[in-house]
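Asks: Using the sequences and the hints, build the whole thing.
So that you can map any letter, position 100 of the sequence shown is 99 in numbering that gives the first Met the number 0, and since no number is skipped, the others follow by simple counting.
Source of the hints: derived by calculation from the structure; they are not laboratory data. There's no promise every hint is true.
As the list claims (entries may be wrong) - Taking lysine-lysine pairs in the DSS-like style, the calculated list, with each CA pair at most 25 Å apart, reads:
(1) Lys107 to Lys57
(2) Lys3 to Lys57
(3) Lys107 to Lys3
(4) Lys107 to Lys1
(5) Lys4 to Lys57
(6) Lys4 to Lys104
(7) Lys173 to Lys4
(8) Lys107 to Lys173
(9) Lys57 to Lys104
(10) Lys104 to Lys1
(11) Lys173 to Lys1
(12) Lys173 to Lys104
(13) Lys3 to Lys173
(14) Lys57 to Lys1
Keep in mind the model is a prediction, meaning the values are calculated, not measured.
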Amino acid sequence: MKGKKLILFIAEVAIFSALALALDFVCGLYLSFAWLNGGSISIAMVPIFIICYRWGPKGGFLTALLTGTIQIFWGYIYHPVQVMLDYPLAYVSCGMASLFFNQVKNNKGFMRHLYICLGILIGCVFRLAFATLSGCLFFETPFWASVSYNGTYLLPSMVLCMIITCLVVQSLNKLLYEKK
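Replies: What follows is the structure, encoded as structure tokens:
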């Protein structure tokens with residue numbers, strides 16, 4: 000990347016990371032009461048997924064890493080490894096959606112939506128795996144209890160993110176995939 004393209008990339012990663020953090024904060028204000036041990040239904044992953052499908056793996060993983068790392072500042076800290084599992088690694092796993100960047104960019108209609116949802120599914124499954132591992136290792140929660148607890152907020156979050164991301168990518172097609 001050179002010149003204007005690099006500046007655009009850096010600006011979009013920063014803006015979408017900030018948007019993800021703001022969405023997570025707002026969703027947490029209204030929905031975190033139901034999960035007393037952490038987590039809430041959130042659409043914070045939507046900006047990460049949009050960058051995944053706009054810039055590919057480089058942008059997706061960087062936005063996810065930045066978002067997850069900043070989450071540490073207002074997150075729950077029990078152990079350094081738990082922090083890594085619950086924040087940076089959990090969010091970086093959302094960047095896995097960018098593995099379908101070319102398929103999303105080069106397809107239209109149903110196939111585009113299918114690849115968007117498949118990428119989000121894979122990212123959220125890995126995020127669930129990191130949250131489950133953290134629950135088992137550091138909060139002494141049995142495996143299925145940890146999967147169930149984390150799934151109660153990650154599954155609805157995933158479905159909401161699929162719907163919103165498909166709508167955004169569909170409506171901003173020209174903007175997302177114009178020559179940068």
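Asks: None of the hints should be skipped; say for each whether it holds.
Replies: Hint-by-hint comparison with the structure:
Among the hinted pairs, Lys107 with Lys57 is consistent with the structure: their alpha-carbon atoms are about 23 Å apart, no more than 25 Å. Distance hint between Lys3 and Lys57 is fulfilled; the C-alpha atoms sit about 17 Å from each other, no more than 25 Å. Annotation: proposed proximity of Lys107 to Lys3 is violated, straight-line Cα distance about 28 Å (limit 25 Å). Pair hint Lys107 plus Lys1 does not hold up; C-alpha atoms about 29 Å apart against a cutoff of 25 Å.
Among the hinted pairs, Lys4 with Lys57 is consistent with the structure: their alpha-carbon atoms are about 13 Å apart, no more than 25 Å. Annotation: proposed proximity of Lys4 to Lys104 holds, straight-line Cα distance about 18 Å (limit 25 Å). Distance check on the hinted pair: Lys173 and Lys4 sit about 17 Å apart at the alpha-carbon level, within 25 Å; holds. Our distance criterion of 25 Å between C-alpha atoms is met by Lys107 and Lys173, whose separation comes to about 12 Å.
Restraint check for Lys57 and Lys104: the C-alpha separation of about 15 Å stays at or below 25 Å, so the hint holds. The straight-line distance between the Cα atoms of Lys104 and Lys1 is roughly 22 Å, inside the 25 Å bound, and the hint therefore holds. Of the pairs offered as hints, the one joining Lys173 and Lys1 holds, with about 22 Å between alpha carbons and a cut-off of 25 Å not exceeded. About 11 Å separates the Cα atoms of Lys173 and Lys104, which keeps this hinted pair within 25 Å; it holds.
Between Lys3 and Lys173 the CA atoms are separated by roughly 19 Å; this keeps the pair inside 25 Å, and the hint holds. For the hint pairing Lys57 with Lys1, the CA-to-CA distance comes to about 15 Å; that is within 25 Å, so the pair holds.
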